[in-house]
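> Chain by chain, the residues:
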Amino acid sequence: MKKSSLEEIIEKHKILICVGSGGVGKTTLSAALGVRAAQLGKKVLVMTIDPSKRLKIALGVGDEQSQGVKISKQRYAGELHVAILDAQTIFDEFITSAAGDSEEAKALLNNMLYQQLSTTLSGSQEFTSLLQLSKISTQDEYDLLVLDTPPAQHAVDFLEAPGKIGALFEEQIVRWFVGSDQVGFIRKVISAGTKTVFSLLEKITGSRFIHELNGFFRSIRSIQNKISEKTSLVQKILLDSSTGFLLVTGFDEAKLREAEQLNLYLEDKRYHMLGVVINRAFPKWFLNKISPQEPKVAEEYNKWVNYQQQREGIFKSFSSKWRKDIPVARVPDFNADVYGLDGIEVVANELDCAFITNHTNELRAEEQKS
Amino acid sequence: MKFPNENQKITMVTGKGGVGKSAIAAAIAQNYANQGLKTLLVELGDQSYFEHVYGKKITYQPTEISRNFSISLWGGAESLREYVRYLIRVEKLVDLFFNNKVMKTFINAAPALKELAILGKVTSGIRRWGPPLEYDRLVVDGYSTGHFLALLKAPIGMSELIEFGPMGEQSRNISQVLSQPHLCEYIVVSLAEELPVTETIELSEDLYRITGQRAKIFTNKIYECDVPSEALAAASAHPFTDFLNEYLKRQKEQLHNLSARLPIEKTMPLLFTPVGRDVIDRLEMAMQ
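Taken in order, these protein sequences are the chains called A and B.
When we follow the working numbering, the leftmost residue of the first sequence carries the number 0, and every step to the right adds one.
When we follow the working numbering, the leftmost residue of the second sequence carries the number 1218, and every step to the right adds one.
Keep in mind the hints are simulated off the structure, nothing from the lab.
Keep in mind it's a predicted model, so treat the numbers as computed, not measured.
For each residue, glycine too, the CB sits at the ideal point set by N, CA and C.
Careful, some of the hints might be misleading.
[Unchecked claim] Simulated crosslink set (EDC-like; lysine to aspartate or glutamate; CA at most 20 Å straight-line): (1) B:Lys-1274 - A:Glu-252; (2) A:Lys-302 - A:Glu-344; (3) A:Lys-194 - B:Asp-1312; (4) B:Lys-1273 - A:Asp-336; (5) A:Lys-283 - B:Glu-1422; (6) A:Lys-302 - B:Glu-1422; (7) A:Lys-288 - B:Asp-1459; (8) A:Lys-202 - B:Glu-1377; (9) A:Lys-235 - A:Asp-156; (10) A:Lys-295 - B:Glu-1422; (11) A:Lys-320 - A:Glu-266; (12) B:Lys-1466 - A:Glu-259; (13) B:Lys-1483 - B:Glu-1386; (14) B:Lys-1309 - A:Glu-201; (15) B:Lys-1318 - A:Asp-336; (16) B:Lys-1438 - A:Glu-159; (17) A:Lys-235 - A:Glu-266; (18) B:Lys-1466 - B:Glu-1380; (19) A:Lys-283 - B:Asp-1312; (20) B:Lys-1370 - B:Glu-1380; (21) B:Lys-1438 - A:Asp-332; (22) A:Lys-320 - A:Glu-259; (23) B:Lys-1370 - A:Asp-332.
[What the hints assert, rightly or not] Residues from chain A that face chain B, not an exhaustive set, calculated with beta carbons under 10 Å: (24) Val-23; (25) Glu-211; (26) Asn-213; (27) Asp-267; (28) His-271; (29) Gly-274.
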């Protein structure tokens, strides 16, 4: 089965989401995808929540450009835009737009628990990037959106986020907390079990917490429906056939193991996995295969080759279990930090090559032999 | 403020994703164990990495790997459960609490409670609160930068909200333990590469702001090339030689950038093996 080239992937989708564990180079690769798309004539927006200062400098953007700003000094057939998402701002904006300028909105924004939770809520960074994604996608201004996901402990966290947050705002839950605002509250219809749990909670966390909790959920009441709407919309977008996922991983065992899990998860939930990108998979000189003549240098060369071969072995033990129809792009280690838009263009070229290179075929041939 | 068990010391290891925190944390733990100190290596979260390295099942309760060296995996949910169990004491009530759909949803969505419970567990030996944790040393393989900072901030945020409950008081004690240099130290692992170096500098500043402590910097995967320069010059046409020269140049530059801002406590070598166990044993040797 013919595997997609990067160009095909870009042409056939409206949204590309880069998922993977932290520290694998997702942000740089997302930017590179954006560049490639712009080179192909697309008006593209790269959305990232956690770019390094260096990337910001490279792209020439400041903080808090949640809507997207066009990169200056670009010379592409299309247009490259970048949005740096700020979770707090997006969340606050969302609350305000959902609840209008009402007292409830103000109360919620001022609620201590909201302030604590809105940035630390499990998946709030993920949720807000998805919120922003759905907002911008509905506006339909761009040919392609590339979403870089936040560095999470587990790559799966990204996809679990809407569900977790959505669950919190379900009627059942909200109703439970909106009982009364008295310290030793009593609800009209309450089971003995629920009463017990509440008093336990109060015993542990104290009356202040319960009070804030109450206020939080009362304020949420008015925007509950909006949140449910949003989480449903987000899910729809994620599952749509024009939304594709690229799994980014590294060449070491821990990262490959995580990637394996994520892979299974994506398949299980029926998200569209378009390919796996292995970042820093091999040093560029490794393709050469001719040893240096000088004996001491040759010795060092062998040391490095041996190391790389061991890593290849580990990689094979994982990749042999992957589906054969998914392209695996192995991007080389540049042995240099990526500087400026030029640097990202280099990465984009390598990414392009990696998708159609023979390396994956070589690997397949080797597997067939063994 | 004095705590019940000030003989126990905590080492927290953090750094950018991919720098080798876990290997370094394990090496530090093995090193302590071999000095005769009863050591617990702690992984955080729901999945064990060390399970694959040491070939033993790692769970909440410590798994003994060798004399003086055990490993535990502490996740938020279990830590919180243990905490509530210790506070409420009646198992049936604890079950009721955690089986309640609303509580489950809330705990699931609001990590601060779980993070607080994890820190509570980590400091429980020193505070002598909860089930006994009688170790001389606790080495925590922490989360990477962002998540680690969120973990450390949990008691601060929560203690404002939970002023009066037992959890509030504990939050304050937990923060206290974490900010005493004779009880808890922070190790930030970095590579000699631009992104990790920049992140290390920022992280150290953030750690100082939150805990009042100066983190110790460990550089990892530092390549020592003992090929004589004449040999390199003789092989100058080969791409591999270019690679070595560039690599060493870049490494030197980044180490300079880092050490200009922060003192480097230890330098760990690039080991030409990807096998987890070997790496840890050799790092341990390099630490002695």
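> Run through the hints listed earlier and report the numbers of any the structure violates, in increasing order.
Failing hints, ascending: 2, 4, 5, 6, 10, 12, 13, 15, 16, 18, 19, 23, 26, 27, 28 and 29.
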